[in-house]
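Peer 1: Residue strings, one per chain:
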Amino acid sequence: MNLTLISLEIGVALLGVLVLLAGLWTPPNRQHLLGFCTALGLTIVLALLVKQGVAVDPITDSSGGFVLDGLAVFFKALFLLAGILVTLLTMGFSNRLRTAGAEVYALNCFALCGMLFAASANSFVMLFVSIELITITFYVLTSLQSHRLRSLEAGVKYLILGAAASAIMVFGIALIYGSAHTLQFNFIANGLAAGHMKQLLLFQLGALLLLAGLAFKIAAVPFQVWAPDVYQGAPTPVTAFLAIGSKAAGFVLLLRVLYTAFQVQPDGPRLLEPAALLSLMAAATILFGSLCALRQRNLKRLLGYASIASAGYALLGIVALNERGAAAVLVYLAGYLFAIVAAFTVISILTPDDEDEDLSILAELHQRSPMMAVTLTLAVASLAGIPPLAGFIGKFLLLRAVIEPTATFPWLVSVALLGVVASLYYYFGIIREIFWGTGQWWTEKKPESARIKLADSQVVVLLICLLGMLVLGLYPQPLLELATDAVQVLKLAN
Amino acid sequence: MIDQELKLTLAMGVLLLPLLAAVSIGLGARRWRGLSAGLSLGASVIAFLCSLILFIKFHGAPAAIVPAPDAGIQWLQLGEEFKVDFAALIDPLSLLMLLIVTTVGTLVQIFSLAYMRTDAGYSRYFAGLSLFLFSMIGIVLASNLLLLFIFWELVGVSSYLLISHWFEKPAAADAGKKAFITNRIGDFGFLLGILFVWQIHGTLDIIELAGMGAVTTTTGLLIFCGAVGKSAQFPLHVWLPDAMEGPTPVSALIHAATMVAAGVYMLCKLFFLFTADALVIISWVGGITALLAALMAIQQNDIKRILAYSTLSQLGYMVMAVGCAGPAASLFHLTTHAAFKALLFLGAGAVIYSCHHEQDIWKLGGLRKKLPITFRAFVIGALALTGFPLMSGFWSKDAILAQAYATNQPLFYLGVIVALLTAFYMMRCVLVAFDGDSRSDAANDAKESPAEMTLPLILLSALSIGLGWSWFGLKVFLMNPVIWLGSKMNGAVPLNQISPTADLAAIIAGTVASLAGLALGWVIYKGAKEDPLPSKLGAMARGMRDKFYFDEIYAWLNKWTQERLSHYADWFDRWIIAGLGVRGTSGAVDLTGCLLRLVQSGNLQTYALLLALGLLVMLAFFLF
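Protein chains in written order, with this note's numbering: chain A, 1 to 494; chain B, 1001 to 1624.
Honestly, the hints are just simulated from the structure, not real lab data.
Nothing here was measured: the structure is a model prediction, and the numbers come from that model.
Wrong hints could be hidden among the right ones.
To be verified - Mimicking DSBU-like on lysine-lysine, the simulated pairs with C-alpha atoms at most 35 Å apart in a straight line are: (1) B:K1529 x B:K1363; (2) B:K1169 x A:K453; (3) B:K1177 x B:K1363; (4) B:K1363 x B:K1447; (5) B:K1169 x A:K446.
Construct the entire structure; sequences and hints are all you get.
Peer 2: Structure below.
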């Protein structure tokens, strides 16, 4: 295998090992330096990736299991950006982990490495291995706050349910191999096109099980059950990483599997018609996430439900089965990255260690820290899809992809719009708490009023997120072009 | 090509520097008062210099003769049909307007350094000024109607912020609201007009539109609605006098020289859109505004309100000129008016500053000796406003009168009457406020203001005298047909094609009216201790003082239409929509949500079961 092809992945993995080693010799009061070095290292990797740019033709390794093309580069950049932000976010959080700081940075790197591989996965082996790398790392990360019962509980739940999902997926892959005799996406596509597939039913069953596994990753109904508990229990930086990194990995794999391996194209061989299934899934996901979030008062759990709904919206782009839809997914995820990281950053700063993340902690935030209040407000507005923020452009493009050129599923659009309306209620509930909240009205306790001092790393994260949300919202054209170029490799109809 | 790049760079500098200043003050610099003021002033000085270079270099250069939209940024393109470009349209007209805006803006900021010195919201004030400059420059440079509209609204927002600067004062907060809401009414029409234009021509790009010619009369009038709101024309004029609750430099910048002129500027720039019928209506709206406002100004006692009504009246003049097919005359007056009205407002500001915020002219008096510089500047401004021979206002007012004479004779006579009234009320204002004895302690202790305040007064005095003279070249510049968009000019009569008769009639009538008004004012108000008019005119004077009861009429109308309607709407909303619709729906949704959340019990075994069930459902869906 050509090592230069995977030099970035190797770099990130090495960075993780180095940080782990360096942690042995770093005194506890200097642990934040490790975070700084990790962020710096990741920034260099990101710079290298940007410098290397996109090759005109996709490069594959000799076995064809690893591909470096526009789509891969786009997602790698997204993951690296998320990794950098999450590392910075972790720096401000590390004193609450009560473990040596080095581990958490190293684990972040390993998960990130898995995501980078996922972005390039072009065979089911690569797909499975990268997903397992991500998930197993997250099992550990989730239960890292070992003094918190909730964290341990979330880790165990995630582990058991995740293992079940992996089992389903492996079974699916086995069925696919049994009928197609290959694991590489392009060969499967060729086989499908040439009509070589003997046991079609078996293949379809395998594909279905595989989709179920991926649906678990993006927390789509009916495989969403784990998400609220894990989001709530995991340490907040990990939740942030889970919400954007793990989810986006699921989506890039979904895009590749559906369009490259299964050739799900409007004019392709009609062997598998997942559009109807996926549209039902999208509708159910949007509704479930939005409805459950309505009365939720725990902030992290609320965002957990909200992120379920978000996955539903992103699925709209896949249901559309066209290039616009695929590009819209990319734009949506990019906007989602900044908003969700901003929201979790504010939550991680606001929640003291053992306290509940009830909505009432937001009271008086605009007095305590105007910057956090503004960032959280904009982040929430972006998630709700209010112009001129990044979230609006993403949601708008997704809906447009389903409506134009022909409304594939008219009822799906109305369900999505209903979800948007419902989401305004709970998102604006957050904003109401920030500016008009009176704290815990059921106790006599006055809300906190002391000003909050932010660490430098937290200020940097908040600023980057603010900038991202505003720039992508105000001037979306470059991102839109990047995304459209990136999805060219999927060879979709316009 | 180099020229084009230079042009774009400079224009972007002019546009973005004030924004940068506003943002950086908002983000942190506001803690240091000096730094905030410095940032804001620096941005506007550089913007002024850039505008000056732009104007000198391009106002008549061949490159600018054919105004081309300079390469901008494509903001958003969705599909083939919907494109919005973020581009600047730099033609001689916008260059002139840029120069006006940045000149007055800079002088006002210098003036504010001293005027606002003791204000607690010093930094906020300068941030507001910078934001305003940014939005105003955006209007001037916008290359398509959508962009124009966005900046149009931004100007409304910044004006709201500045009027309500002293938001703890209820009158100021209310005035801000009134200005904003009244403008919204006009803007609603404007937006409709823009949509109609798109429907008719399929584009919003100003250059492309210029090649296509007029739209329907209705559409033109809808577009005009925007100007009615922003330039405070009858019947939406009510907000401008109240806007005087803002700091006086703000009144000078926004409510005299620039923002209210935006409506007139827009009419001139989009002149090619209006049909002849639309123009007639426009001219009458302008004429009525001019007359009504001049009448109201006669019985005002607050020095700033007198100026506010005079602004209304002069804006009416400009709109009337546009309607009389003379955008050149209108812009000419706009330019000179910007200078002398800013001068008058800043002069009034200096008086108010020196007299401990006393604004009632009957409580002033005797300031001629105590504030010599302010007095002279104010008199120069007043003379320019009244169209006294050889002052700048003389030339521009004559241009408008000649235009009216040539196209619409009744409006010519109306214009002459307004000129007479103008001279009369300005004489009243000057005599009562500056002449005679001091009538209050505040006026007694008045001292001349610091140099930051007198310097802008002196500079603006020079402009108020000189702008109109032919050697200054303004008139020649405006007469040049190449500066106008739209090839046909749509039946406009350029300044240089006015017949000599019209010119002569305008000059004679204008001069006589001005002198007569001044003389009349002198006779009635020289040495007056109180206003003799109310006893002589009776009900008429009361009507003038109470602004012909427009506010009351609107309040009454509001009560009998909107409030009555809203009463029924409220009932319907409360019982049918909220009761049945919203509560019912939200209750049902809430219940579903609560039930669904029962699924998320937290029990691992349940979760695993659900996972398996989900898979089974999927399989079932696939197999059957």
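Peer 1: Next step is simple, just say for each hint if it's right about the structure.
Peer 2: Quick rundown of the hints versus the structure:
no.	hint	result
1	B:K1529 x B:K1363	holds, 10 Å
2	B:K1169 x A:K453	holds, 34 Å
3	B:K1177 x B:K1363	holds, 29 Å
4	B:K1363 x B:K1447	holds, 16 Å
5	B:K1169 x A:K446	holds, 31 Å
Against the hints set out earlier in the document, no violation occurs for any number.
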